[in-house]
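Engineer: With the hints as extra help, turn the sequences into a complete structure.
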Amino acid sequence: MHRILSKEVLAPDVVRFWVEGPHIARKRKPGQFVIVRASDEGERIPLTIADVDKGRGAISLVVQGVGKSTRYLNSLSEGDVILDLAGPLGRPTRTPPGRKVCCIGGGIGTAVVYPIACGFKALQGDVTVVIGGRSRDFVILEQELRAVADRLIVTTDDGSYGERGFVTDALRALIADGHAFDEVVAVGPLPMMKAVVDVTRPLGIPTTVSLNPVMVDGTGMCGGCRVSVGGEQRFVCVDGPEFDGLQVDFDELQARLRAYREQEQEALRLYNDQVAACQAPR
Amino acid sequence: MAKKTIQKTKVPMPLADAHERARSFEEVALGYPVDMAVLEAQRCIQCKNIPCVAGCPVEIDIPLFIKQVADRDFEGAFKTLMDRNVLPAICGRVCPQEEQCEAKCTIGIKNEPVAIGRLERFVADYAAVVKFTDDTPPSPPTGHKVAVVGSGPAGLTVAADLAKMGHGVTVFEALHKPGGVLVYGIPEFRLPKSIVEREIEGLTRIGVEIKTNHVIGQTFTVDELFSELGFEAVFIATGAGLPTFPRIPGINLIGVYSANEYLTRSNLMKAYQFPRSDTPTIRGTRVAVIGGGNTAMDAVRTALRLGAEHAYLVYRRTRAEMPARLEEIEHAEEEGVEIMMLAAPTAILSDERSRVRAIRCIRMELGEPDASGRRSPVPMKGSEFDLDVDTVVFAIGQGANPLIRNTTPDLPVNKWGNILADDGTGATQKPGVFAGGDIVTGGATVISAMGAGRRAARAIDAYLRNPSADGFSPTDV
Chain H
1 MHRILSKEVL APDVVRFWVE GPHIARKRKP GQFVIVRASD EGERIPLTIA DVDKGRGAIS
61 LVVQGVGKST RYLNSLSEGD VILDLAGPLG RPTRTPPGRK VCCIGGGIGT AVVYPIACGF
121 KALQGDVTVV IGGRSRDFVI LEQELRAVAD RLIVTTDDGS YGERGFVTDA LRALIADGHA
181 FDEVVAVGPL PMMKAVVDVT RPLGIPTTVS LNPVMVDGTG MCGGCRVSVG GEQRFVCVDG
241 PEFDGLQVDF DELQARLRAY REQEQEALRL YNDQVAACQA PR
Chain V
1 MAKKTIQKTK VPMPLADAHE RARSFEEVAL GYPVDMAVLE AQRCIQCKNI PCVAGCPVEI
61 DIPLFIKQVA DRDFEGAFKT LMDRNVLPAI CGRVCPQEEQ CEAKCTIGIK NEPVAIGRLE
121 RFVADYAAVV KFTDDTPPSP PTGHKVAVVG SGPAGLTVAA DLAKMGHGVT VFEALHKPGG
181 VLVYGIPEFR LPKSIVEREI EGLTRIGVEI KTNHVIGQTF TVDELFSELG FEAVFIATGA
241 GLPTFPRIPG INLIGVYSAN EYLTRSNLMK AYQFPRSDTP TIRGTRVAVI GGGNTAMDAV
301 RTALRLGAEH AYLVYRRTRA EMPARLEEIE HAEEEGVEIM MLAAPTAILS DERSRVRAIR
361 CIRMELGEPD ASGRRSPVPM KGSEFDLDVD TVVFAIGQGA NPLIRNTTPD LPVNKWGNIL
421 ADDGTGATQK PGVFAGGDIV TGGATVISAM GAGRRAARAI DAYLRNPSAD GFSPTDV
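These protein sequences, in sequence, are chains H and V. Each residue of the first sequence is one higher than the last, beginning at 1 in the numbering used here. Each residue of the second sequence is one higher than the last, beginning at 1 in the numbering used here.
Hints should not be assumed to be uniformly reliable.
[Claimed, not checked] Below 16 angstroms or equal to it, Euclidean Cα-Cα: the simulated EDC-like pairs (lysine to aspartate or glutamate) are:
{"id": "1", "chain 1": "H", "residue 1": "K54", "chain 2": "H", "residue 2": "E8"}
{"id": "2", "chain 1": "H", "residue 1": "K27", "chain 2": "V", "residue 2": "D223"}
{"id": "3", "chain 1": "V", "residue 1": "K193", "chain 2": "H", "residue 2": "D150"}
[Unchecked claim] Facing chain H, a subset of chain V residues (Cβ under 10 angstroms, in silico):
{"id": "4", "residue": "D223"}
{"id": "5", "residue": "E224"}
{"id": "6", "residue": "F226"}
{"id": "7", "residue": "G241"}
{"id": "8", "residue": "Y257"}
{"id": "9", "residue": "T281"}
{"id": "10", "residue": "T285"}
Just so you know, these hints were derived from the structure itself, not from any lab. Every residue, glycine too, gets a C-beta built ideally from N, C-alpha and C.
Structural biologist: This is how it looks when you write it as structure tokens:
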């Protein structure tokens, strides 16, 4: 059982928790994730470790409430407990020293980019960060990233904050300005990562993406998280979560993410009905 | 006095009705009531040379416990079992007795052997109902600490044996529930999870500590178990945990599962109760399971229970070569599983939504015997056919999980990634590290893993008493 030490809302339906987990905090490296199971009937869901506080033995998780499990998780409060937390899982980000890198976060992916940017910065990297959101309200972790980044650009789809446009527009502009990146790291919705790769591929810029497929055990046992990378079958939980973005079959992964769409909607509908029933005046 | 006549056949096991059970996750085999158990126990002639004991990987005193059942001394029988086997309710259900103790039974030479497995299960279940406990006092604490990695059959057996010897034992389990394959792999209808919980509770009562959500190799490495947590020996029993898929087109379509995923969703995550439980699974109406082992049988019978109208078992050899237990094949057939022999998949076909539409198979014929002694299947040119299905489950064997070998470079493994360990002791080439079960042998049975645990416990005990003692010679597996 892992106590929630604090909770804050970062954006609509996006919550940051600090959770007790001394063993995980002690070992975790940038890029790694945990499997969370919030309740006894709950799913096992993979969440990237956004940050650690070794002194408090705590990790931070940024959760976007999308389906039943994540919405339930986001309904928990400071002092509540998370039933199961296992990790750190996956391979750490490869952060060679002195790298000139552009870290791109879209929406909730920004929470995954934050520890990666920290990892590069800790090894004397020159770190450019681009973060994007639909609108101002959906831009998260700007202050935290500003503290790490050598330069930071915010984009919003509607222009309500930062530069109007997509993260790829900002990436193109940076490259046009003469930034010669050794590597681009992109984390966000699959269409965004695919769009980034479309920019970097012709330029031959090594590009790393962090994938978040359907997962069950998270330890290599089930194969549910398999992806095609360069035509080879890889398991995201033990071989990833980060892969060479130029080699990932995004279309296949996008299709696999839809595997349980109908069941997810049914579960969410029932959950919303339950919540509404609890909140209804008696 | 008239010469005692022996009943030629086993007292039949009461089974749930095939039609009803095929749609239910309730247990299929119902177990002997007391009188049937006593009757069956009376078939044992207490022969002098006790061949059955030699057939038991954990060397239960089988004639003694059966005599105790015949004498209605059920508590005595329970103690006899527990003396050698801490998981009797599990073994009574899932051991392949027909290849082990019962295969050696003297009665079995001319008649059906004594139903040793059913009697073992009876005693364990009876003991649970009347709450017998194994009150053998544990040995005085030795002060030694042993880490066991994995809480499946091998890990639980080692843990129990070492705890009884007075050693401090901590079991690390990666998942949120202990039991390993007993919990995520074997379905409720063959092994109710309440029974696994009950037998694991017995272990915690004798002092075994179980830590779930600890992924060794990640949360702690094997070396950290020694250096940071102060364990003096480590037993690795992580099982056969990496699914294999054939290299055929369509393998990543929606609706294609490894047996591990299909069974884990249903068993560990209770997807059959969705939406009461949160984990979904695809409830296919036409399901093809590829394979012929016990895992394939578990998967195809699960498909029926999840609502499949057609549950096909596609196997490249014939029924006679299937590695599954005969009893499981028969149960599957009774429940309506359709077995397609001499066929193998060559491609999985997609609909416009990337979901499985059909599986393309090729007919096989049996050729020359292969290394395993079984006649190897040979594809028949031009015999491809399509089978309309919406779900495909591969139960074609397992690789070794990489998490420990990736983080323990000085632990030698074979070319398949299985840990090299001495068959008699479980000792590896890394001092203080022992291994057993499927991570050493590749996919095998619950009881063979328990046998490995039993042998390793003796060796670990000896090692703890004298760490410098050499003499372990890991053999090539």
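Engineer: For each hint, tell me whether it holds in the structure or not.
Structural biologist: Hints and how they fare:
This hinted pair does not check out: K54/H and E8/H have alpha carbons roughly 20 angstroms apart, beyond 16 angstroms. With a C-alpha separation of about 14 angstroms, the suggested pairing of K27/H with D223/V holds against the 16 angstroms cut-off. With a CA separation close to 55 angstroms, the supplied pair K193/V and D150/H exceeds the 16 angstroms bound. The beta carbon of D223/V comes no nearer than 13 angstroms to any beta carbon in chain H, farther than 10 angstroms, and the hint placing it at the interface is violated.
Taken as an interface hint, E224/V checks out: its beta carbon lies about 9 angstroms from the nearest beta carbon of chain H, inside 10 angstroms. Look at F226/V: its Cβ only gets to about 16 angstroms from chain H, farther than 10 angstroms, so that hint breaks. Restraint check, G241/V versus chain H: the minimum CB separation of about 4 angstroms is within 10 angstroms; hint holds. A hinted interface residue such as Y257/V counts as satisfied when its beta carbon comes closer than 10 angstroms to some beta carbon of chain H; here the least separation is about 8 angstroms, so the hint holds.
Taking 10 angstroms as the C-beta cut-off, the interface hint given for T281/V holds, the closest approach to chain H being about 8 angstroms. A distance limit of 10 angstroms between C-beta atoms decides the matter here; for T285/V the minimum to chain H is near 14 angstroms, and the interface restraint is violated.
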